[in-house]
Each structure stands twice: as C-alpha cells, then as structure tokens.
Amino acid sequence: MKIYFAGPLFTEYERDYISRCAVKLRENGIQPFVPHESFNPPIPDDPRSKAIRCLENDLDGIVGAQAMVALINGNEVDDGTACEIGIFYSLMQSDPTKKGIVALHGDWRTKDGGEGKGLNGFVLGCILKTGVVCTNLDDAIAQLKKWKSEGEA
Amino acid sequence: MKIYFAGPLFTPYVRQFISEQARKLRAKGIEVFVPHERFNQMITPERVDLLVNQGVLPETMRKGFDPEELMGMVRDGKLSREQLGLPKMTPETIFDTDFEGLNSANAVLALLDGTQVDDGTACEIGIFFGQMQLDRHNKKGIVGFITDSRGVRLRSSGFGQNLFVLGALEASGEIFTDFDLVTELLLRWKTELEQ
Chain F
4 MKIYFAGPLF TEYERDYISR CAVKLRENGI QPFVPHESFN PPIPDDPRSK AIRCLENDLD
64 GIVGAQAMVA LINGNEVDDG TACEIGIFYS LMQSDPTKKG IVALHGDWRT KDGGEGKGLN
124 GFVLGCILKT GVVCTNLDDA IAQLKKWKSE GEA
Chain E
555 MKIYFAGPLF TPYVRQFISE QARKLRAKGI EVFVPHERFN QMITPERVDL LVNQGVLPET
615 MRKGFDPEEL MGMVRDGKLS REQLGLPKMT PETIFDTDFE GLNSANAVLA LLDGTQVDDG
675 TACEIGIFFG QMQLDRHNKK GIVGFITDSR GVRLRSSGFG QNLFVLGALE ASGEIFTDFD
735 LVTELLLRWK TELEQ
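These protein sequence lines are chains F and E, in that order. Sequential numbering of the first sequence, starting at 4, is according to the working numbering. Sequential numbering of the second sequence, starting at 555, is according to the working numbering.
The following block holds chain F by itself, in its conformation from the complex (with noise of 0.2 Å):
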C-alpha cells in the first residue's frame, strides 16, 4: 500500500524524524510518499513556479496514495499539511481506494487538558470524519495494516 507522509519538514531533526519513521513504515511492508526524499530533479528552463513545482511535486505523491500519515505536531498544524490533508478528503470522496488519514500528535500544546489551545476543530474534524489520531507510530501502523488488509480482501 502507498501512503503520503504530510509534516512540517522544515528543519533537519523534523526531516531525520519523518525519514525514520518512513524506514520504519517499509519494514512493514507500507510504501510511504515522503515530500524531502522525492523531489524531482530540476528541468532546465522549467517555466513553471518555484511554487507550482513543489505543488506538482506533491500532488503526484497524494494523487497515488491509498492513505495518508498526517504529522500534526506544533503550535498548529503546520499550513502545508493542513492543506494536503484537505486534499486527501476531497479525493477521498470520489475515490473508493483511498482509505483515510492517520494523524500522528504528541504535542502538549495542542493536546486535550495541554497548556495550549488544542487542535484546530475543523481539522480534527476533517480527520476524525477520515481517520485516526494516533500518539505513535506503532498504533499509526496498525491502522494503516487494517487498511491495507481490507483494500486486498
């Protein structure tokens, strides 16, 4: 099964992070997406946006998962993953083979009873109408195996 890892990827310990996770996710048998680790090589006089690119980049990897892992650590979900877990649902919704989103979040900020101002309702919900929130990666990995077990019955 091919799944797209959505995270803020933005420092070195957050990409280290996803790229072991991703290692971890290929021992189980489970082909993740991982934006860092694919991009594209540059076309010489590429026309399009710096922007468009990375768009175009990503899109492939969303187009062509059958579920997304969605790291949602932080003050808030970061913009990037937030609205690639938007374009998942909507996918979702016309394409049987996509199964759904499994959050990944420990963070203390935005946790039920945290010292923060919790998750942003519209995106909890958008998971939840989807998924599973997951504290870790294991329990991550159960879900994503229980999916992948049904997209092969």
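Just so you know, the hints here were simulated from the structure itself, not pulled from any lab data. Any given hint could turn out to be false.
Unchecked claim - PhoX-like mimics (lysine-lysine), calculated; alpha carbons at most 25 Å apart, straight line:
| # | chain 1 | residue 1 | chain 2 | residue 2 |
| --- | --- | --- | --- | --- |
| 1 | E | Lys632 | E | Lys642 |
| 2 | F | Lys27 | F | Lys120 |
| 3 | E | Lys582 | F | Lys132 |
| 4 | F | Lys148 | F | Lys5 |
| 5 | E | Lys556 | E | Lys582 |
| 6 | E | Lys632 | F | Lys120 |
| 7 | F | Lys132 | F | Lys148 |
| 8 | F | Lys120 | F | Lys132 |
| 9 | F | Lys5 | F | Lys132 |
| 10 | F | Lys120 | E | Lys642 |
| 11 | F | Lys114 | E | Lys582 |
| 12 | F | Lys151 | F | Lys5 |
On the provided structure of chain F, position chain E as indicated by the hints.
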C-alpha cells in the same frame, strides 16, 4: 455565485473585518458563507423570547436582536449554546457545518494573514483545491487576500507563504493585497459562471 470566506476567525477584530468584507461582496450580488456567522440563522425569535421571559436576555431583544451579539455572549461564556438551541461544538459539527458551505461554494476567498496560513484555512484551501480537480465548471477558483505586513513586504517572492499552499493558490487563482482586486476577480468568476 456562492463563495466560502475562509480565515482565522478567532478574535473579535478578525471576525469583524471578515464580516465587513463579506458585506461589501454581498452588496455586489455575491452570496458569502462566513463560518462564524453560520449559526446565526439557527437562532429563532421564539428561543430569544423564551430567554427574555426567563430574564436571561433583556426585554429590548423581544423587538429584535443581533445574532452576532448573542454569539458574542456565547463566546464570552455568558450564554450557553444549549440555551440558544444550538448544536454542541464538536470537531465533527464544526467540520460538517463548514463543509456544507464549502461544498456548495463556487469559489473560496481565503484570508492568509498570520505567521502561517491558519491551519483551518489551509485545510479548507486543500479541500476546495481537491474539488476543483473534479469539477472545473462549478468550482471557479481560490482567491487569497493578505494584509499581513510580514507577508506583503515579500510580495515579489510569494508573500512568504508555505510553498505547497502557495502552489495550490497559484494553480487556482491569485493573491491580492487590495480588496478591490479580490472583488474584481470574484465578479469575473461570477460572470463566467452565469454564462
């Protein structure tokens, strides 16, 4: 033409700003769904009368009331949603009510102010972008509106936006710092839709 107005609606002044812009668009014949106004129509005069009878609301509200003022009381904790006969605010309720607005909209107007695009707004941009890929005819586009000086000064290099979100916006519309230009583009889409 119906549009969905997305933005960070968590403070009174942002809500007021959004409502003001919405009023300008309505005056031009554009139907605007404003998420923080979505429960306004669910407040009935009968329910308000009942609360006046109970002494919870002032007698003057019997003659007429401003739903926004009542929603303000709810946000301040002076009145409960149950008292007003409104559904409980679960993430699912928020999503369902807003999604209905998004799903029936022909375009999205997104207020992009903040250190990043508000996550709810970004998610809504994504949902509409996804719908646009499936229905180009009824889903005209997404227009971004930015007044945040930290973004405006980076106008030439993409307003300091997240590259992926910027890509989604570039692919489906334009970003403006001037609301007249926002209105112009929305009216152009309105004409196209009516043809």
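Hints and how they fare:
no.: 1; hint: E:Lys632 with E:Lys642; result: holds (16 Å)
no.: 2; hint: F:Lys27 with F:Lys120; result: violated (32 Å)
no.: 3; hint: E:Lys582 with F:Lys132; result: violated (36 Å)
no.: 4; hint: F:Lys148 with F:Lys5; result: holds (11 Å)
no.: 5; hint: E:Lys556 with E:Lys582; result: holds (12 Å)
no.: 6; hint: E:Lys632 with F:Lys120; result: holds (20 Å)
no.: 7; hint: F:Lys132 with F:Lys148; result: holds (19 Å)
no.: 8; hint: F:Lys120 with F:Lys132; result: holds (21 Å)
no.: 9; hint: F:Lys5 with F:Lys132; result: holds (21 Å)
no.: 10; hint: F:Lys120 with E:Lys642; result: holds (18 Å)
no.: 11; hint: F:Lys114 with E:Lys582; result: violated (43 Å)
no.: 12; hint: F:Lys151 with F:Lys5; result: holds (9 Å)
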